[in-house]
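Asker: Protein chains in written order, with the numbering used here: chain C, 2 to 321; chain L, 264 to 422.
Hints may contain errors.
Claimed, not checked - Output of the computed footprint for chain L on chain C, the stretches with three or more beta carbons under 8 Å from beta carbons of chain L: (1) 57 to 65; (2) 77 to 85; (3) 125 to 134; (4) 163 to 170; (5) 179 to 191; (6) 199 to 205; (7) 209 to 221.
To be verified - Here are some chain C residues the structure puts well away from chain L; computed CB gaps all over 12 Å: (8) Ser3; (9) Ala11; (10) Leu196.
Unchecked claim - Negatives, chain L to chain C, calculated, CB over 10 Å: (11) Asp317; (12) Ala318; (13) Pro326; (14) Thr332; (15) Val335; (16) Met336; (17) Ala365; (18) Gln366; (19) Ala368; (20) Ser372; (21) Thr390; (22) Pro393; (23) Glu397; (24) Arg399; (25) Ala405.
For the record, the hints were derived by calculation from the structure and aren't laboratory data.
Bear in mind the structure is a predicted one, so any value in this text is a computation, not a measurement.
Glycine included, C-beta positions come from ideal geometry on N, C-alpha and C.
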Amino acid sequence: MSVVAKIVRAVDRYWYAPAPSERPAVLRIAVGGFALVYLAVRFGSFTRLARFDATQFAPVGPIAVLLSEPLSPPLLLALTLATLACAVPFVLGLYYRLTAPLFAGLFLLLTSYRSSWGMTFHTENLVCLHLLVLAFAPAADALSLDARRRPRVLEAHGRYGWAGRALSAITVVTYVLAGLAKVRLGGAGWMSGELLQAQIAYDNLRKIELGSFHSPLGAALVTETWLFAVLSWLTLVVELGAPVALAGGKLALGWALSAFGFHLGVVALMAIAFPYPLSFVAYLSLFRAERVLGARIFGRVSPRAFFSPEAPHARPVARD
Amino acid sequence: MARFAAYGIGMGLVALVALPAFDHPTEDSYPLSTYPMFARPRPRPRLFFAEGLDAEGTRHRLPPRLVATEEVMQAAATVRRAVQGGPAAMGRLCASIADRAAQSAEHASLIEIALVDARFDPVAYFTRGPEPVERRVVHQCAVGADAKSRPRRGRRGAP
Numbered sequence: 002m003s004v005v006a007k008i009v010r011a012v013d014r015y016w017y018a019p020a021p022s023e024r025p026a027v028l029r030i031a032v033g034g035f036a037l038v039y040l041a042v043r044f045g046s047f048t049r050l051a052r053f054d055a056t057q058f059a060p061v062g063p064i065a066v067l068l069s070e071p072l073s074p075p076l077l078l079a080l081t082l083a084t085l086a087c088a089v090p091f092v093l094g095l096y097y098r099l100t101a102p103l104f105a106g107l108f109l110l111l112t113s114y115r116s117s118w119g120m121t122f123h124t125e126n127l128v129c130l131h132l133l134v135l136a137f138a139p140a141a142d143a144l145s146l147d148a149r150r151r152p153r154v155l156e157a158h159g160r161y162g163w164a165g166r167a168l169s170a171i172t173v174v175t176y177v178l179a180g181l182a183k184v185r186l187g188g189a190g191w192m193s194g195e196l197l198q199a200q201i202a203y204d205n206l207r208k209i210e211l212g213s214f215h216s217p218l219g220a221a222l223v224t225e226t227w228l229f230a231v232l233s234w235l236t237l238v239v240e241l242g243a244p245v246a247l248a249g250g251k252l253a254l255g256w257a258l259s260a261f262g263f264h265l266g267v268v269a270l271m272a273i274a275f276p277y278p279l280s281f282v283a284y285l286s287l288f289r290a291e292r293v294l295g296a297r298i299f300g301r302v303s304p305r306a307f308f309s310p311e312a313p314h315a316r317p318v319a320r321d
Numbered sequence: 264m265a266r267f268a269a270y271g272i273g274m275g276l277v278a279l280v281a282l283p284a285f286d287h288p289t290e291d292s293y294p295l296s297t298y299p300m301f302a303r304p305r306p307r308p309r310l311f312f313a314e315g316l317d318a319e320g321t322r323h324r325l326p327p328r329l330v331a332t333e334e335v336m337q338a339a340a341t342v343r344r345a346v347q348g349g350p351a352a353m354g355r356l357c358a359s360i361a362d363r364a365a366q367s368a369e370h371a372s373l374i375e376i377a378l379v380d381a382r383f384d385p386v387a388y389f390t391r392g393p394e395p396v397e398r399r400v401v402h403q404c405a406v407g408a409d410a411k412s413r414p415r416r417g418r419r420g421a422p
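If we strip away everything but chain C, and leave its shape as in the complex, we get:
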C-alpha cells in the first residue's frame, strides 16, 4: 500500500470513526438547546437593532451578499421570532432534515445581521458554525421525535462519528486562529505582556467611560506587569496548543479545562463573557458525548426518551 493510501485510510479511520447514533443526537440537543436559550435571553438585543440609523449599517458575511440596506423593524422582528421558533424542532429533532438547515440558516442570518452594525460579535461564531455542521448531520436518528417513527438504530456507524469530529476540528481551528492573530498583530508586544496589559486596561476604561460595568479585579491588577507576561504566554499555549485536544482522552479534557479557565479569566479581568465556551457545550464534541446519558438525571427526567437497553458506546459496529 502506498504512503498516500495509508494516509487516506488513517484520515478516514479518524474522521469516519464509528459512533452510536446518540452521539450526534446529544450534540444536537446540547448545541441547539444552548442556541435556543441564547436567542430567548438575547431576544431584545436582536430586535433593538431596529433602533439603529440606516447609515450605521455595515453588512458582514452573508448579509453583505443579501442586503444592501437594513431590514424594516417588522421584518427584523419576524426574522428573530422565526429563528427562535425553528430552534424548538431542531432541539426536539422534529422533521429534522427540513427544520435543521432552516434553523442553522436563520441563526447564521440573524447573528450576521447583529454583527452588521460596526461591531462583530465573536461570541457567536462558534455556536453558529457548530449549528451549521449539525444541521447536515444525521443528528436526529436517536433521542428525537423523528426517531420515534423509525426503527431504532442499534449499531455504531461512521455516519454518526464525523459530526463530532467536525465540531471539534472547528473549535480547535478557531482557537489557533485567535493565537495566530496575537502573534501576527502583537508580536513581541504580546510576548512581553505589554499588549495584554494595555488591552485589559483599555477594555476596562472604555466600559467605565461608556457607562457600563467593568472588572474591578482587572482595573486593580493593571500595574502588575509581570502577571500579564505570564497570562500572555498561557493564552498562547491554550490557543496555539488547541490541536492536542483532537487526540481525545485526558489531553482533550486537559485542554478543554484550560480553555474554560482562560474564558473564566477573561470574565474576571475584562468582564467579557463568552457564554458558549463558559457553558462547556462548546467542548462537548471532544468527548463521547453520549456518555452523559448514563448520568442519573437523564433517567429521572425522561426514562422513555433516554433509556437505552445497552450502553451506546458498547454497540456493534456497522460498516458501509
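Given the coordinates of chain C, assemble chain L onto it according to the supplied hints.
Answerer: Using the frame of chain C, we list chain L on its own:
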C-alpha cells in the same frame, strides 16, 4: 451520501473556517473570522462616547442602552460610526439619544447630550488618573421638546 456529507460538508466547513489564516489578521468578518479582538496594539486608543450634561454643567456617563443596545461595544461603535458619518449622522444619533434620555426618569436632570471623541493612555488611566490625553466634543444637542442639534468644532487638548 453519508460519506459525501462527512467529507464535503464536515471537512469543507473546517477548511472554510481555517481560510482566514491566509488573510491579513485585521480582515475580520462573520462567521469566518481571524479573531483579532484582543490582539491589536493599542498605545493611545481613541474612544467615542456620548455623555449627558445637567443644568450645572456636570457631565454624566450614559448607559449603552440609551445610545444603542445594552451591548457596550456596540454602543461605542455606534458613536464612532456616527462621528465618521459627519454632522447629519451625528445629529440623528444625538437626537435619538436625547429622545431616550427625555423618556427616562433616571436621566430627568439632563439638558444636553454631547458626542465626545477622546484619546486615552489605558494604563495611565488607572495608575495616574482618568483624564484623557485628548478630548473633543464633536456634537451637542438639547434634551426635550425644543431639542436642537449643533455640530461642534471642539477644542483639542486636555479637558
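Asker: Looking at the structure, which of the earlier hints fail to hold?
Answerer: 2, 10, 13, 14, 15, 16, 21, 22
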